[in-house]
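K.L.:
Using the sequences and the accompanying hints, generate a full structural model.
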Amino acid sequence: MVSININGVDKSYGQVKAVQQASFEVPGNCLFGLIGPDGAGKTTLFRMITTLLIPDQGNISVFGFDTVRDYRKIRLFTGYMPGRFSLYPDLTVGENISFYATIFGTTVKKNYHLIKPVYSLLEPFRDRLASNLSGGMKQKLALCCALIHNPKLLVLDEPTTGVDAVSRKEFWETLHQLKDSGMTILVSTPYMDEAARCDRIALMQAGRIMDQDTPGEILSKFRVPLFEIRANDRLGTLEILRSIPEIKRAYLFGQYIHIATDSERHGAEWLKTQLSNRGIANVKITPVVADFEDCFIDAVENYTTHRT
Amino acid sequence: MNQRKTIISVNNLVKKFGGFVANDNLTFDVHEGEIFGFLGANGAGKTTAIRILCGLSYPTSGKILVSGFDVYTQREEIKRNIGYMSQKFSLYEDLNIRENIRFYGGIYGMSSSAIRRKTDELIEELDLSDIAGTLIRDIPLGWRQKVAFSVAVFHEPKIVFLDEPTGGVDPLTRRQFWEHIYRAAARGITVFITTHYMDEAEYCERVSIMAEGRIEALDSPENLKNNYGVKTMDEVFLKIARK
Numbered sequence: 007m008v009s010i011n012i013n014g015v016d017k018s019y020g021q022v023k024a025v026q027q028a029s030f031e032v033p034g035n036c037l038f039g040l041i042g043p044d045g046a047g048k049t050t051l052f053r054m055i056t057t058l059l060i061p062d063q064g065n066i067s068v069f070g071f072d073t074v075r076d077y078r079k080i081r082l083f084t085g086y087m088p089g090r091f092s093l094y095p096d097l098t099v100g101e102n103i104s105f106y107a108t109i110f111g112t113t114v115k116k117n118y119h120l121i122k123p124v125y126s127l128l129e130p131f132r133d134r135l136a137s138n139l140s141g142g143m144k145q146k147l148a149l150c151c152a153l154i155h156n157p158k159l160l161v162l163d164e165p166t167t168g169v170d171a172v173s174r175k176e177f178w179e180t181l182h183q184l185k186d187s188g189m190t191i192l193v194s195t196p197y198m199d200e201a202a203r204c205d206r207i208a209l210m211q212a213g214r215i216m217d218q219d220t221p222g223e224i225l226s227k228f229r230v231p232l233f234e235i236r237a238n239d240r241l242g243t244l245e246i247l248r249s250i251p252e253i254k255r256a257y258l259f260g261q262y263i264h265i266a267t268d269s270e271r272h273g274a275e276w277l278k279t280q281l282s283n284r285g286i287a288n289v290k291i292t293p294v295v296a297d298f299e300d301c302f303i304d305a306v307e308n309y310t311t312h313r314t
Numbered sequence: 517m518n519q520r521k522t523i524i525s526v527n528n529l530v531k532k533f534g535g536f537v538a539n540d541n542l543t544f545d546v547h548e549g550e551i552f553g554f555l556g557a558n559g560a561g562k563t564t565a566i567r568i569l570c571g572l573s574y575p576t577s578g579k580i581l582v583s584g585f586d587v588y589t590q591r592e593e594i595k596r597n598i599g600y601m602s603q604k605f606s607l608y609e610d611l612n613i614r615e616n617i618r619f620y621g622g623i624y625g626m627s628s629s630a631i632r633r634k635t636d637e638l639i640e641e642l643d644l645s646d647i648a649g650t651l652i653r654d655i656p657l658g659w660r661q662k663v664a665f666s667v668a669v670f671h672e673p674k675i676v677f678l679d680e681p682t683g684g685v686d687p688l689t690r691r692q693f694w695e696h697i698y699r700a701a702a703r704g705i706t707v708f709i710t711t712h713y714m715d716e717a718e719y720c721e722r723v724s725i726m727a728e729g730r731i732e733a734l735d736s737p738e739n740l741k742n743n744y745g746v747k748t749m750d751e752v753f754l755k756i757a758r759k
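From first to last, the protein sequence lines are chains A and B. Its first residue numbered 7, the first sequence is counted upward by one per residue in the working numbering. Its first residue numbered 517, the second sequence is counted upward by one per residue in the working numbering.
Check the hints yourself; a few may be wrong.
Listed below are the simulated DSS-like cross-link pairs for lysine-lysine, each with C-alpha atoms no more than 30 Å apart in a straight line [as the list claims (entries may be wrong)]:
| no. | chain 1 | residue 1 | chain 2 | residue 2 |
| --- | --- | --- | --- | --- |
| 1 | A | K290 | B | K741 |
| 2 | A | K23 | B | K604 |
| 3 | A | K175 | B | K741 |
| 4 | A | K278 | A | K290 |
Derived by calculation from the structure, the hints in this document are not laboratory data.
P.N.:
Here it is as structure tokens:
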């Protein structure tokens, strides 16, 4: 079953092409991650999916409903947590949740089981104004408000931005529990490593969907040989590495230099020779496994090359 | 490497807000030219400590010297010797690149001629000649962060504080950003950085991890990983910060 179908969608703000020719499908009961930096177009795409913006071109259907024609129906079963805190600051925690329950024609009591794991942490602050909550607490309240009407689709715009690694891990665990209860969850993040926590991901940059697949497939598609080099003079060695045409990328990584070569013929032995020919001995070269950042950078490069 | 000068010296730093202890007896040193990672969960007390080190707030007790200056009595001297950049705010959106640089140079008391000369050098170095007159709000985030960092070290401070400087930028820009950091450190500028990207913790020479107002661990990433018997800094962080 497909829950969301995005078909050739464009959206511009004046001269700025925020989303260009976006097409992909989100399976039902899936935790789907939209991965990309600030300005990639993630929020614009989410606002179109949640019926808050109308595409300039293309169409989107959510559980079979068209986001333009059937927007009222979609809104009933969608929970949306925007990136910017947008609850009522002058209502208390309890009042905000009740308010959201009421506008969706339900009660806090009826769906309490859904929000319980998150809300139990907020309950001591029930009577506190939303404006006086810490960042982490605001985020939890926003999630409760997005969940209170038991949505089929939950859309979360950068819920973990600026959140520490521990709270982020806990947040992802909560999302998996919600997914297991049958929800489809669409989440965006600029943290590349969070791709691993999704069932499927799409990589987005500059308005374009560059690739989409399972996280495992994205990693296994990466074919560029990567190495870690330990040298005494890091900055000097970096300059030399960059002057070698067969080396695609070289950058500093802590005490090491990470490099990508252009083909499997150019491996560790080849590198060692290249460096010693240029007067650099005493280096330690180890192959490394690509992470999602490497894949993202590669996806940007491939996308650009194939287009131009 | 073993006999490096101490540039930040913190002894028994305590900061209380009423009955709440935000910094509970912190003691640590930062070396000159070091890239020092200052990590911890939200609410662990990082921002409180950074504000004290920047001369923006007084500690409740403790002896703290920043670049040799006392945080109780020499706050103006401290401010002149540090640079600061945060993810949230660092440049004026309605000024262009050149104006932002000039503005910060002026604030730090540089002479007009020095500002003019260094501005040209910087714009050349960052390869921004074509857009030097463009308003900050009209340039991509990645470039803004580069300009923001360069502005923070424009007056050649002894220490630069970076508060989540790379949040939200794409991976390639993030790597380029770190190269600027390494180059600044190689010139002798001490880099004091907070981040939520655990892989960036590996980029630092030493890392401290705070939990509930205390420093629970302080060592090189390699030693931390060995001591906790794990492969990544992410795992180290989860072991320490989850209580």
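K.L.:
Check the structure against each numbered hint from earlier and tell me which ones fail, lowest number first.
P.N.:
Result: no hint breaks.
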